[in-house]
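Heads up: the sequence lines are chains Y and X, in that order. For the first sequence, the numbering used here assigns the number 156 to the initial residue and increments by one for each residue that follows. For the second sequence, the numbering used here assigns the number 6 to the initial residue and increments by one for each residue that follows.
To be clear, the hints were calculated from the coordinates, so they are not data collected in a lab. Keep in mind that a hint or two might mislead.
Stated by the list, open to error - Derived SDA-like pairs: lysine to any residue, alpha-carbon spacing no greater than 20 angstroms straight-line:
hint, chain 1, residue 1, chain 2, residue 2
1, Y, K226, Y, N185
2, Y, K166, Y, F220
3, Y, K169, Y, M252
4, X, K117, X, P84
5, Y, K226, Y, Q205
6, Y, K212, X, G103
7, Y, K226, Y, F176
8, Y, K212, Y, P225
9, Y, K166, Y, F176
10, X, K117, X, E71
11, Y, K212, X, Q7
12, Y, K212, X, A6
13, Y, K226, Y, Q209
14, Y, K212, X, P45
15, X, K66, Y, R219
16, Y, K166, Y, R265
17, Y, K166, X, G46
18, X, K66, X, V116
19, Y, K212, X, L51
20, Y, K212, X, A100
21, Y, K166, X, K66
22, X, K66, Y, V255
23, Y, K212, X, S19
24, Y, K169, Y, E233
25, X, K66, X, L51
26, X, K66, X, S19
27, Y, K169, Y, Q235
28, Y, K212, X, N101
29, Y, K166, X, Q47
30, X, K73, Y, S242
31, X, K66, X, T35
32, X, K66, X, N80
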Amino acid sequence: DTGVSQNPRHKITKRGQNVTFRCDPISEHNRLYWYRQTLGQGPEFLTYFQNEAQLEKSRLLSDRFSAERPKGSFSTLEIQRTEQGDSAMYLCASSLMVDVYGYTFGSGTRLTVV
Amino acid sequence: AQSVTQPDIHITVSEGASLELRCNYSYGATPYLFWYVQSPGQGLQLLLKYFSGDTLVQGIKGFEAEFKRSQSSFNLRKPSVHWSDAAEYFCAVGANQGGKLIFGQGTELSVKP
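Chain Y extracted, bound-state conformation (with noise of 0.2 angstroms):
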């Protein structure tokens, strides 16, 4: 078990391009959640899955955001036309038995548009 796992760590970008982050979660996990944290809060929820279907996705996320899960193993989150405001930590987490086990977290993204 390698945990949660995020590519890349930090990314910088300039205003107006696209990113897309990738996340790698416990092999065995069958949802897989996107969160935003900015400095001094608490992580936002984005959106989440349950293998491969998108189960719930925030209010919060722009026609700009995009994530997917193809085939219900690693997940993309895409931010297109990237704005100063998208800088944060994107936070990706997996769960299988959250009653047993939790919510696992990644390291994070930390997106910097310049």
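Add chain X to chain Y, keeping to what the hints say.
Just chain X, lined up with the frame of chain Y:
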């Protein structure tokens, strides 16, 4: 709508002193409650969780939390704080098993030698 309030943004305690971090939640039914800890630039580590049963929950690193339905609270406690406990602590509530979590704003803990 669910919400979580952590009234204390920053707390400083002396090493060896006891600690209590407050968490209040708003949710109509029985919530699923969590405490996570985050070190700078890192992800979140689960300290403990409450789903049902005994309202006093034991976690890792010597932490415990008590669910009090009448007060809508889930406060985190530790009898003796170590310098390595300095970090950001987040309380979170879930509406159903496996669904999204709603986090509080966090409490930053500093430990004085």
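>> I'd like to know which numbered hints this structure contradicts. Please list them from smallest to largest.
In response: 3, 10, 14, 15, 19, 21, 23, 30 and 31
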